[in-house]
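What follows is the residue order along each chain.
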Amino acid sequence: MKKRYASIWFRHLLTDWLTLRQPELKQVPFVLVAPERNRMIITATNELAKKQGISKGMAAADAKAIITSLKVIDDLPGKAEKLLVALGEWCIRYTPFISIDLPDGLILDISGCAHLWGGEYEYLKEIVRRLKDKGYDVRAAIADTPGAAWAIARFGKDKPIIDPGGQVEALLKLPPAALRLEPLMPERLHRLGFYQIRHLIGIRRSALRRRFGEGFLLRLGQALGNADEPLQFLQPATVYAERLPCLEPIRTAEGIAIAIQTLLEKLCKRLQSEGKGLRTAILKCYRIDGETVGADIGTNRASHSVSHLCKLFELKINTIEPALGIELFTLEAPNVEDVSPGQEVLWSSGGCGLDNADLAELLDRLAGRIGAKNINRYLPHESYWPERSFRTARSLTEKPVISWRSGRPRPSLLLKKPERIEVTALLPDNPPMLFIYKGEKHVIKKADDAERIEPEWWRRKRPHRDYYVVEDDQGRRYWLFRSGHYWDEDSQWYIHGFFS
Amino acid sequence: MPEAKKETISRLQQDILRWQGFALPATGGAKRIGLGPLEDAFPNGVFPTGTIHEMLCPTQEQAAATSGLLSGLLAILMRQGGVCIWISTGRRLFPAAMEGFEVAADRLVFIDVPREKDILWAMEEALKCEGLAAVVAEVSEISFAQSQRLQLVVERSKVTGFVMRNNLKKLSTSLCAARWQIVPLPSKLKDGLPGVGYPRWQVDLLRVRNGNPGSWQLEWTADGFTSLEETVTEIITTRQVG
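Line by line, the protein sequences give chains A and B. Residues 1 to 500 in the working numbering are what the first sequence spells out, letter by letter. Residues 501 to 742 in the working numbering are what the second sequence spells out, letter by letter.
Treat the hints as calculated values from the structure; they're not laboratory data. No experiment lies behind these values; they were computed from the predicted model shown. Some hints here could point you the wrong way.
Said to hold, decoys possible - Among the chain A residues that face chain B by a calculated CB cut under 8 Å, a handful are:
| hint | residue |
| --- | --- |
| 1 | Leu362 |
| 2 | Leu413 |
| 3 | Lys417 |
| 4 | Arg420 |
| 5 | Gly475 |
What the hints assert, rightly or not - Listed next, the in silico PhoX-like pairs over lysine-lysine satisfying Cα-Cα at most 25 Å (straight line):
| hint | chain 1 | residue 1 | chain 2 | residue 2 |
| --- | --- | --- | --- | --- |
| 6 | A | Lys71 | A | Lys26 |
| 7 | A | Lys416 | B | Lys617 |
| 8 | A | Lys316 | B | Lys628 |
| 9 | A | Lys373 | B | Lys617 |
| 10 | A | Lys438 | B | Lys628 |
| 11 | A | Lys79 | A | Lys50 |
| 12 | B | Lys688 | A | Lys441 |
| 13 | A | Lys51 | A | Lys64 |
| 14 | A | Lys311 | B | Lys628 |
| 15 | A | Lys373 | B | Lys658 |
| 16 | A | Lys125 | A | Lys157 |
| 17 | A | Lys266 | A | Lys284 |
| 18 | A | Lys441 | A | Lys461 |
| 19 | B | Lys690 | A | Lys445 |
No residue lacks a Cβ here, since even glycine has one placed at the ideal position from N, Cα and C.
Just chain A, with the same shape it has in the complex (with noise of 0.2 Å):
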């Protein structure tokens, strides 16, 4: 089949795209601008000021100077790849195949797929029509090869659709910039006395060799169709998903769970195929009534297990509120991972480690109805601050790094907050000889010598504290502190933590 391309040329990408983030910016001539051997160069510009004769590559100095009202914006590096990839993964619905062109277009290889728009004709139109709702201003072309498609976009001025085999008698009479060329050459052509492509055509390609390199040749080859030019399509994203829609609207729970278990079975087969698991998994139950209701599952490790997933499922069915009816279930796993098969062991230690298996499926289940955050696992910080010197594992698996401080005995129980409490000790720094907390008088029998810690210096805002373990006469043991230094206003006497 004979092979055709179209060139997208969005000629205002970026300043469109900030035009369409910020509205007011439609009505003021404004300009992007990049630092350059150390001035300030426009790289991109809008309608307006380009009206007003500011074009790339100027100064940004000299552009004020023409229009004094400008707006001047910094460039975002990087951003015309971004904007191109998404716009590309949009025309998908046009063509399966996309190339991004960088600074400003998309190829798109649209063999065999114009006929199901009516034609090339209303297929171009269709894009273009749709690109400029969207508010992005853009030329398109259609050619036998992504070469001559790309120049008839930018430099064609009779018609936009070039018949099979038509692109050299078209290329013709356009200017040798349009062919791709590196960023002096054309300049160069001009000043040999190249004005349009027709009159290299009949000069001998050794000569054209020597003077302009093959590089150039390649390009004149790729734009007549002569040459091959390899393109690299964007890769989406591949979608994992199912849908179930109903004969009759699903009215109870049970109907509910069949459903569930339908739809996890035919996504946890092509996931298992894949060897993939999936980390979360949103429902969607659309209703007669048009009204959309649903559920959403996470696990902790990824699973293609039907019966685990249908029981987290199961735990959210009574959220669902049916209604009416429902006529369509989705399910959709937007988080995928590989998954690891798992080992059989020969020889069990008799314990079931974080990395278990079951394990993982019971934080899932109790995940599901008390909320993930509330379920931690602990590992040891490196500070001397009781408060921060433990932190939240970041997954299921993750190991410590460091060991626990040993050192000096730390409190079975730890108070979240320090409570004040009325001590009396001796001046100026032995333990407290009797506290009172909570209206119950502690008369204190033993103590240990007081430890100081203080907050790290790059945090240091709070006093120091002096900590003592102390047992009262009936052997209950206490972690008690004093913040600050003995003869300060402020100096405090807390309770921090009960001893075993």
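Given chain A's structure and the hints, the job is docking chain B onto it.
Only chain B this time, still in chain A's reference frame:
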């Protein structure tokens, strides 16, 4: 004749134990976990795993003492690399203290349940997971029916469960293997040196299914649990148990 009778009686006792959900000790290889004389109070002289233990801790100090003893027990139960799940509403357990009891704190999974009524549900779910070293839940109270449910679950999964309850107003019979009460005792350092010594508790077993209740004094030292010589025979109850 008396010989034969004795044999029958001991067989019947074993049967009763089995029906009540006690795993029979493997032939001669029953492992003691080092609680000293306290362990003799349990049936067959072995600390029963795969059952539910009930621990009374009405005050913060007793809760701390119970956490200490429990940490020592967990260290033994988790020795083979198992995971322990700790369920509570207002958790105050300090992970950094677990190192002192030789517990690998990174293998403790804490579940902070926002509502009190979900604790026993979470505990039941956790007990169903075979292979866990232990499940600890801090509840305010547990009814007979609830303890029955938990017991039925652990009979299948062989996980050890600990229930720490702090509200003793509705203390009723339960199907737990043992009811513990741990009270802190004044510590002593060698040769009367000043300062706070090793944690020391009076451990009362108020009820032991098929065992003998009693009271013992334990100390946690660098070598693990140490039983103290002067055992108190009478049980000090802080509250009337009924």
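How the hints compare with the structure:
1. Look at Leu362/A: its Cβ gets to within about 4 Å of chain B, closer than 8 Å, so that hint holds up.
2. Residue-level restraint check for Leu413/A holds (minimum Cβ-Cβ distance to chain B is 4 Å; threshold 8 Å).
3. Evaluation of the Lys417/A hint against chain B yields a violated restraint, the C-beta minimum of about 11 Å exceeding 8 Å.
4. For Arg420/A, the suggested interface contact is broken, since its CB lies about 16 Å from the closest CB of chain B, more than 8 Å.
5. Because the closest C-beta pair between Gly475/A and chain B is about 4 Å apart, less than 8 Å, the hint holds.
6. Proximity of Lys71/A to Lys26/A is assessed by CA-CA distance (about 12 Å); at most 25 Å being required, the pair is judged to hold.
7. Among the hinted pairs, Lys416/A with Lys617/B is consistent with the structure: their alpha-carbon atoms are about 22 Å apart, no more than 25 Å.
8. Between Lys316/A and Lys628/B the CA atoms are separated by roughly 20 Å; this keeps the pair inside 25 Å, and the hint holds.
9. As the CA atoms of Lys373/A and Lys617/B are separated by approximately 18 Å, the hinted pair is consistent with the 25 Å bound.
10. Taking the CA atoms of Lys438/A and Lys628/B, the gap is near 40 Å; set against the 25 Å cutoff, the hint is violated.
11. Proposed proximity of Lys79/A and Lys50/A is supported: the alpha carbons are some 21 Å apart, at most 25 Å.
12. Our distance criterion of 25 Å between C-alpha atoms is met by Lys688/B and Lys441/A, whose separation comes to about 22 Å.
13. For the suggested pair Lys51/A and Lys64/A, the alpha carbons sit about 14 Å apart, so the restraint of at most 25 Å is met.
14. Our distance criterion of 25 Å between C-alpha atoms is met by Lys311/A and Lys628/B, whose separation comes to about 14 Å.
15. Between the alpha carbons of Lys373/A and Lys658/B the distance comes to roughly 28 Å, so the proposed pair goes past 25 Å and is violated.
16. For a cut-off of 25 Å, the pair hint linking Lys125/A to Lys157/A stands: about 17 Å separates their Cα positions.
17. Restraint check: the Cα-Cα separation between Lys266/A and Lys284/A comes to about 16 Å, which is no more than 25 Å; the hinted pair holds.
18. Pair hint Lys441/A plus Lys461/A does not hold up; C-alpha atoms about 32 Å apart against a cutoff of 25 Å.
19. Restraint check for Lys690/B and Lys445/A: satisfied, since their Cα atoms lie roughly 16 Å apart, inside the 25 Å limit.
Comparing the model with each earlier hint shows violations of hints 3, 4, 10, 15 and 18; every other hint is respected.
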